[in-house]
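Colleague: Chains as they are written, first to last, in my numbering: chain A, 1 to 470; chain B, 471 to 957; chain C, 958 to 1084.
No lab work stands behind these hints, which were simulated from the structure alone.
Watch out, some of these pointers could steer you wrong.
Quick list of simulated restraints, FRET-style, between CB atoms [unchecked claim]:
(1) A:Gly91 / C:Lys1081: 40 to 48 Å
(2) A:Pro32 / C:Glu1083: 37 to 45 Å
(3) B:Val492 / A:Gln205: 52 to 60 Å
(4) A:Val36 / B:Val522: 52 to 60 Å
Below 27 Å or equal to it, Euclidean Cα-Cα: the simulated BS3-like pairs (lysine-lysine) are [what the hints assert, rightly or not]:
(5) C:Lys1020 / B:Lys859
(6) B:Lys659 / B:Lys630
(7) A:Lys455 / A:Lys440
(8) B:Lys857 / C:Lys1020
Backbone N, C-alpha and C define an ideal beta-carbon position, used for all residues, glycine too.
Chain by chain, the residues:
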Amino acid sequence: MADYIPNTRLQQQEMLDAIGFKSVDELFADLPGDLVLKQLLNIPGPLSEMELERHMRLMAAGNTNTENHVCFLGAGAYDHYIPSAVGQIVGREEFYTAYTPYQPEISQGTLQAIFEYQTMICELTGLDCSNASLYDGATALAEAAIMACRSTGRSRVVISRAVHPEYRSVLNTYADFAGFRISEMGYDTISGRTGLNAAQTMAAQDVAAFIVQSPSFFGVIEQVGELAEIAHKNGSMLIMSCDPISLGILKTPGESGADIAVGEGQSLGSNLAFGGPYLGFIAVKKELMRKMPGRIVGQTADISGKRAFVLTLQAREQHIRREKATSNICSNQSLIALTAAVYLTILGKQGLQETAESCLQKSHYAYTELVKTGLFKPCFIGYGASDLQVPFFKEFSVKSAIPVDKLNKQLLQSGFIGGLGLQQYFPELENAWLIAVTEKRSRSEIDRFVAEAAKAAGSFVSAESAGRAL
Amino acid sequence: MKEEKLIFEISRTGRRAINLPVCEVPEIPMVDIIPPDLLRAKPAELPEVAEVDAVRHFTRLSTMNFGVDSGFYPLGSCTMKYNPKVNEDMSKLPGFTKVHPYQNDETVQGCLELLYRTGAMLSEITGMESMTFQPAAGAHGEMTGLMIMKAWHRHNIDNKRHRIIVPDSAHGTNPASAAMLGFEIIKIKSDEHGGVDINELRNAMNDEVAGLMLTNPNTLGLFDGNICLISDIVHDSGGLLYYDGANLNAVMGITRPGDMGFDIIHLNLHKTFSSPHGGGGPGSGPVGVTGRLAPFLPAPVIVEKEGRYFLDHDRPLSIGRVKSFYGNFSVIVRAYAYMTSLGAEGLRRVSESAVLNANYLMAKLAGIFELPYKRTCMHEFVLSAQKQKDIGVSALDIAKRLLDFGIHPPTIYFPLNVSEAMMIEPTETESRETLDEFIRVMTLIAAEAVSEPNLLHDAPHDTPVRRLDEVSAARSPILRWSPERTP
Amino acid sequence: MDIKKGLRYSKDHEWVDLQGSIAYVGITDYAQHSLGSIVFVELPQMGKVLSAGDVLTVVESVKAASDVYTPVSGRIAEINQDLEQSPQNLNDEPYKSWIAGIETNGSLLPDNLMDEDDYEAYCKQEA
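Just chain A, same shape as in the assembly (with noise of 0.2 Å):
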């Protein structure tokens, strides 16, 4: 059994003898006897090292996975290259099993990798500042809601309802708690945009922001420019939720006119892990520095005149200001942003814009292909090659011919993980089908999926007609 504990009994016992006890449990005299366990915890174990590698490994290997499986489901969650670099510099010790880096003399390694991150995440979005990372790309939404409210002094936001619907959730419920209320305005039916005129009809004095996710959950560019416009006209700010990996090539936040931008980086070097640990980025307009939640590195020099990094703005924080910080949160997501830091590096300038553009021409090739079968239709006309009416980034949405689950179950006999059913989350989008291709997915893949997907719907198609006519 392995316990970790250096010291055996013989040598824990002289320690007692050492310190004046008899026995372990004249430590624990002070617990009030009723309180104490007279038998051992109802849990299973202990196992060996061998033995645990065999159970745990039983565990794992029945799961489907993107290893033995083609992914073509996205959704918030994506199947991008990981270079190997990056797990190799990610996994040293001294950067996993550091705390905090409170003591800087001792944590400049964190420190300047953050800084680098915090540097990478402002180039990325356009905007001027970011912190060290929270805890996803929804939380982050929520944050920059309460930022928002705090600085105009206003207790509503809008939100497009062509944002992510768990991120939609979590804004809920810090709503609910936290005491700000919250409007949806919805998307075009028919291009599957946010409205302008929707969000222009909700421009009112209660309003602290308008949010936006672009590209959206269904994939689709938004007007953000517009949607900023219309935001700065009623005094309240534009948050936008965005992809790291689109900024590689698309207009930035800062471009569009955000205040705040938010997004998920799991895309930038992480797993897909089962759902995280992911990273919530945040970026800001200068004059919002002092209102971001969450640690931020800062530059300065040592007493020799030495550039140094060190944790800043801490007054903000909860070690200091207790009830009245910018947030609760104190652990964030540290490694996952050295991650993302280590990512950015090794693709690089070109490397990043390279995989962005995979990204956008191998999904737009499968969204062609999967519509020229006949068999599935776009949701929001105004994609593809030929119209420029409604641009899409990565991922997009179409109906399929059949229910989308028997669709999947299909798929996966072939060894593909389909898209995403969205009539879960959107009830007038039937038999939509939500479809991501990274730059991981070769030709050859997307031609497959393409005729499997085809294959699975026609049949079903066939027999049932075969099923009228008789």
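Since the structure of chain A is provided, determine the placement of chains B and C on it from the hints.
Modeller: The following block gives chains B and C in isolation, referenced to the frame of chain A:
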């Protein structure tokens, strides 16, 4: 030691680490799929380095760090125990890392089973009925737990309860989490034994108080023997009792918060359950509740039926989601591996050993530094450097001097109710030799405080950087690299 | 500890200097000393109406953040913009670096403010 340049300063135009494959699909001209006004004007100024330079850069940075794998890390309230390597390997199995959270339940039975079993084990360890794994860290768990508290009172149409009581020794996240949810914070003093002042509690507790947030043992490392009385006082007034699980390492297999009367708890898997701290995260802060509060847990919850596992979204009383997906899964995998490796006996021995190690240090250091509470401690204890401060050497100076000996300093200036506080938590994974060395060094430093105080005022001497200017960093913050600023 | 004559002092270590109907409020030498090097002052908004005892501003040092309360009621008529760029003025010249000028509509200063002797005694007691 030379300064390490920023990665942007090492960049050279045109260099790159990785090459992507040629795009095999027919390429459509960009202008035909994205209107130019939706493209960014200039590319992001990301690094341009070869792989060797990237690896060297981050490797050199890592050598300027100090982790549990580097040396003794007695940071009070953080439980910096050893992070077992087999847990790292298990968390990296493709069946756990290459799984998409939206895959059909049928295809992820192993993941759901792991979450279900971990929840069952943690419930058993803590005396709760069920858990949620959504919260990503302890503070997030506190917030979630308080939301459940609020929802409970709302459900009982008990809408006056807008106050939360917190002891003066509480961790800063407690009042911060409560304030985020609009609660008014009432602070109560500790008594002379370091526990909750019962009279103050009685006076503060009424039908406008939603509940009390507590940890036991508390942040002074002391077990509050009045806990059952405290529980009665809070419950008799219709309030709920919340447990900050940061100090669970002291009591596993020995007692349980559920038995003490707590209604809602959060745990820190990256503390008690050996997941690494990652330089500040990711953590995991699961929340557990007693039966009557279970309906309020965030949805979905994992249910088991005839050996199959499902995500149950049908939870009408749920407070809602507090995070996307299901929680920091890889962190939970490590916690599962840890608990399964140890079993019930192992976990009990962990707490016993943690408490022994702390008492050993406390007994040996009590003569050298002031000990504000002369009681048997639990897994951590607080010393005061007031005696040293009186001759001009602060807890900060002592902490900085420890760095020269390759030891991470304890937590300083917390809890707030002890002056020049130094909170020491050795954990169970330290040998007697490591503890004796710490005693030797602390004794030496105390002697230096008398004979050579300047050695302490100017400490550390042997670290890559020394005594950083935190004032300028806060007055004129520089939060990113800029090309103009490079010399 | 420096204490200036002719001013009035609050229990929270603010000073008040009534000039005509404007009450200028700042923090004392005792206050700046306990805060340490001040890194940021969150300046209040012009025109804001406050009651005596309300939070006027938040003053941040590296390791602490403190509320500064207004000892007088009124409307904020002036704010010391210098403090935005040079928060350290509060450390260097606490009695010259007023934070805000509050329009009191000519009413007298509250009774609970101390003169310099009482404040000096109060500080000795606090220490």
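Colleague: So which hints don't hold here, by number, going up?
Modeller: Violated hint (a single one): 1; every other hint is consistent with the structure.
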